[in-house]
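Q: So the protein sequences, as listed, match chains G, P, S and Z.
Numbers given in the working numbering equal positions in the first sequence, counted from 1, plus 3.
Numbers given in the working numbering equal positions in the second sequence, counted from 1, plus 3.
Numbers given in the working numbering equal positions in the third sequence, counted from 1, plus 3.
Numbers given in the working numbering equal positions in the fourth sequence, counted from 1, plus 3.
Rather than coming from a laboratory, the hints here were simulated on the basis of the structure.
Any given hint could be a false lead.
Identical copies go unnamed one by one, so any copy, or any two together, can satisfy a pair.
As the list claims (entries may be wrong) - Taking lysine to any residue pairs in the SDA-like style, the calculated list, with each CA pair at most 20 Å apart, reads: (1) 265 / 13; (2) 322 / 118; (3) 114 / 83; (4) 265 / 45; (5) 322 / 305.
Number of protein chains: 4
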Amino acid sequence: MRVGVLTGGGDCPGLNAVIRAVVRKGVAEYDMDFVGFRDGWRGPLENDTTSLGVDEVRGILPRGGTILGSSRTNPFGIEGGVERIKANLQESGIDALVAIGGEDTLGVATKLAELGVNVVGVPKTIDNDLSGTDFTFGFDTAVNIATEAIDRLHTTAESHHRVLVIEVMGRHAGWIALHSGLAGGANIILIPERPFDIEKVCAQVESRFATRYSPIVVVAEGATPAEGTMTLQAGEKDAFGHVRLGGIGDRLAGEIEHRTGKEARAVVLGHVQRGGTPTAFDRWLATRFGLHAIQAVHDGDFGTMVALHGTEIERVALKEGTGELKTVRPELYEEAEVLFG
Amino acid sequence: MRVGVLTGGGDCPGLNAVIRAVVRKGVAEYDMDFVGFRDGWRGPLENDTTSLGVDEVRGILPRGGTILGSSRTNPFGIEGGVERIKANLQESGIDALVAIGGEDTLGVATKLAELGVNVVGVPKTIDNDLSGTDFTFGFDTAVNIATEAIDRLHTTAESHHRVLVIEVMGRHAGWIALHSGLAGGANIILIPERPFDIEKVCAQVESRFATRYSPIVVVAEGATPAEGTMTLQAGEKDAFGHVRLGGIGDRLAGEIEHRTGKEARAVVLGHVQRGGTPTAFDRWLATRFGLHAIQAVHDGDFGTMVALHGTEIERVALKEGTGELKTVRPELYEEAEVLFG
Amino acid sequence: MRVGVLTGGGDCPGLNAVIRAVVRKGVAEYDMDFVGFRDGWRGPLENDTTSLGVDEVRGILPRGGTILGSSRTNPFGIEGGVERIKANLQESGIDALVAIGGEDTLGVATKLAELGVNVVGVPKTIDNDLSGTDFTFGFDTAVNIATEAIDRLHTTAESHHRVLVIEVMGRHAGWIALHSGLAGGANIILIPERPFDIEKVCAQVESRFATRYSPIVVVAEGATPAEGTMTLQAGEKDAFGHVRLGGIGDRLAGEIEHRTGKEARAVVLGHVQRGGTPTAFDRWLATRFGLHAIQAVHDGDFGTMVALHGTEIERVALKEGTGELKTVRPELYEEAEVLFG
Amino acid sequence: MRVGVLTGGGDCPGLNAVIRAVVRKGVAEYDMDFVGFRDGWRGPLENDTTSLGVDEVRGILPRGGTILGSSRTNPFGIEGGVERIKANLQESGIDALVAIGGEDTLGVATKLAELGVNVVGVPKTIDNDLSGTDFTFGFDTAVNIATEAIDRLHTTAESHHRVLVIEVMGRHAGWIALHSGLAGGANIILIPERPFDIEKVCAQVESRFATRYSPIVVVAEGATPAEGTMTLQAGEKDAFGHVRLGGIGDRLAGEIEHRTGKEARAVVLGHVQRGGTPTAFDRWLATRFGLHAIQAVHDGDFGTMVALHGTEIERVALKEGTGELKTVRPELYEEAEVLFG
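Construct the complete structure from the given sequences, taking the supplied hints into account.
A: Here's what the structure looks like:
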């Protein structure tokens, strides 16, 4: 059996661990051979392949990124894209595909499966916002990096009696902010699911200073103020017309400083959160995802993706992972609020 | 309401995070006050207390160990021990206890609960072998430390064409060995649940060298050879009669070296695995355990302990956590075996 | 003998290690007692003190920040400031001061020493740009944090065929950029000492992509383009008139993206570089600085500061550390250039 | 010009960084080509070579170990060994050798240089005990790993009122013990240069407990008790006649426990200290060593080795690095003693 493998969307620590497990088990147990497609769906679309065997996956377990490259190419947005993929797969004698990716990549996989392509999906999102699985790999790494940064900021905040705002990933869901904020002992956590009230934030800042300690504010990149409450507006454009400047972290620090008169500084963690060696948890989860995905291929159980439920890896329908976004439930946030301030 | 808190058994990263969450929420939400008991059950037995309030728990979230101290004192093994505990609790006006510990500590809690003491338990074991909960805090930290050590050993093994044996914690269950071995890309993983065949181990060592790579063997401290298969025996005593020397890691390295003629070295991680700052996962889990435990106290739901099921914190009967040991299921080990060698 | 201790300027990992060593040795060997002044020169100016003994310094060695707080208060800029300091020192019976700080703090110390105050200085700058000493503590920690971030960015750059620009500290000197860039294997390093040519930078970016690899650019916050070569201008102001947005990292990424057509992203490490636990090197250096500083006080060798020369701690005149800035010598940069691209 | 490169002796983080810098600069600046010799002096002895160019050194900067392999082969102990090396070098058209190694490897290099072989040396010892250079790469990494371990042990020691003994590398010199002990805030540091008095050690242990804190003892593997003072003897042999058991750490813990009645546990860090990714300092130093070594080759300045003096890389005669051992000077140890206990 010949199996193609691709990785799509933003990179995420653990992608290589999945690829390695897929190939190692496929070769050793099922005598499969493998073809790597480069840069997500662009690979099968343009038939851009790379050899992928036991030698190619040696030593990649602890490495971040993806040896296959990634892109956001969507064949459904390209005239004749799907037909080209089907033709390329047939021509190369590919019997099945393992598609590793997030909402977009798996969305394509879902539709291709409906069109008869043999696909098994592996869910990937650093933001942990895919439904159908308890956790996705990469998330634990990102949370640990953010937590370590918060640890570091505490001592600076105390020494200088300053507010420190740290902006973490999370465009639509506040999982990284919530977990790292809890783990790092942040005093305020702001997430996309709950538009925040800048006056309440400033009141918390001031009450924290009243105890002689300095506040740390963790804000998800997608968090937004309740309408009309903030002076600073988003999205200043640079000279080339790109919106680069003025993320929520910077704006929030500015607004807090202006309103409370306390020095406030922002740190925007950015890409540092998504690169580098995965944590043990992420390597374990990614490896198990890979082992179970190739088993699903062997079983001919296509149109499914692997998922973590408790401590079990199970299979769910692909569309379960690409349906609605998994956001932070109100009770989880409220449970944490008692530790704020 | 006045609540006593104690930590028993071996220390574990996350104990302080539990204590902090218990106190912070108890004070802020339920207007409770707290008494810290020193050194596990020795505290209430000897009425050895320490003040425990919001000030005492400030800054302890990221710190390993336990500010309350620990011991293995068992009041049921002491003449009149239980009566003294009950008298001391009454005298100090303690309405309820939060007991944080493993099999032994929670075993005492279970029996005290049956005798009418108001106890809520928080499960703790670095080995992850308590039933009733998916994971316990401290385990993730230990696995990450072991994984980082394995990462480091790989390069030395390669450079010197040597076997490296790493002994990790796990007296009765191989969870740390299995998780860190998978995450670190070990070539052989030996756990207490499966007596190993030294000849098969040596065959794997030799087949690994045949690929020009050097083997890493992860062995849980409680792993044992199938009877009669190893020359080296356990438990040499030192000049004072203590069994200090010759753990399984050292013995295994000796035996491999002798049988295969390849240099073999052992590293025994020991206490390094259980100290220091907890990972983000462990801080998050410990914090949530603390928040839910004090809520159980507030609800008067005694004789229970908190537990992680999937991503939910739930309450289970105390005895559920202290019944049978949670060992590695055969299928989990077998799933990983394809990656060995 | 009664000795006052203060820390001024930006915080820096290792400050607490200095304070601890000063106090531990002063108490144990010279029977001194200590007074902590809060927030740099504001402390003696306003006689804001805190008790400082062996108990206060227990456990602070591995902690970032400063238990004494810091500020940028300059008594020479305040009417009657110097007189108030002298009066406060006399009133509290302070025989000598240990002043730990950078150019500004030690500049004040230098002038006070000339006015007869008994001061010994300990040089501190995370940027490593103080003359008179080979290295200052905090620098090694910052370089390691930046290097780890670069390691993480490599995998993302490769996976997405993107340029990643990382802005590190260094307003006037490029030490952090040079060391972390070398250690992280950056492809381009830009420092304040050498105005850069944006066209050459873009040419290097393109030549790197030609090898199928993705470029990492490390840029010191104080690096500047050769005049007139960049479209994007510095210093956009936010709605409150603060210059918050548009540091060199963001501007450079924008310019590279525009000129080369390759996606470029910037990461601004910011305050994460200066907080948290110091590296072993910084703890060792800070501890030795503290031990030698208090010995200088004991010897009555005032107007001096401690300095690292090779592996020796020596004393130099205070003004040596506050004279000219120690910038990156051209030959050091040129030596590294062969590794660019 | 064709240049051979080899790495000998124990592996050490930074070896790959040296190799990379040598090759990158040699190719780019001097148009050299390179031959890698496998496993130290065994390579040229048996003419076991591997290709070594810009592609082979890509990505190796952050990796521990050595891509060239290592061994302790000494051609001077082998009949006709030197002649074979000379013949092999000539046959392969090798004009010069870069030999990276410690006392033994550079000792061979020194003698070969006297016999007319064109050699430049790069000093390597994780123990930092080579004379002629302020520091060697690998040492900083080892010290950081040991310090992190000590940090972790503190919390366990406190929680259990136990003595924790940590054995670190250092057979003949106590540099790692001294630096990590200082950085980790150890209460007792024992080094090979000063035979220790077990009674004094136990007195310090007890005085530490008297302050309600628990002692951490750092002991170099080569530290020895003053004659006749310890009951436990070294060097128990295992069933195969290997001396595996009973290093100084275990023996010391046993003796302390017996004499003081306090629980004592030993941790032996072992090989974990020498593997894995190098610190930023070690990458910087190793890279600069490589750049300067290949320049020395280009300059024809053979029989020399590179060395760090202050912040400068200089050349010294090869024999300077292989003469006497650089041990811890008494005043450095005494300076630190005030922080013990």
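Q: Hint by hint, note whether the structure agrees.
A: Consistency of the hints with the structure:
| no. | hint | result |
| --- | --- | --- |
| 1 | 265 / 13 | between (37 Å within a copy, 16 Å between copies) |
| 2 | 322 / 118 | within (14 Å within a copy, 52 Å between copies) |
| 3 | 114 / 83 | within (14 Å within a copy, 71 Å between copies) |
| 4 | 265 / 45 | between (50 Å within a copy, 17 Å between copies) |
| 5 | 322 / 305 | within (12 Å within a copy, 42 Å between copies) |
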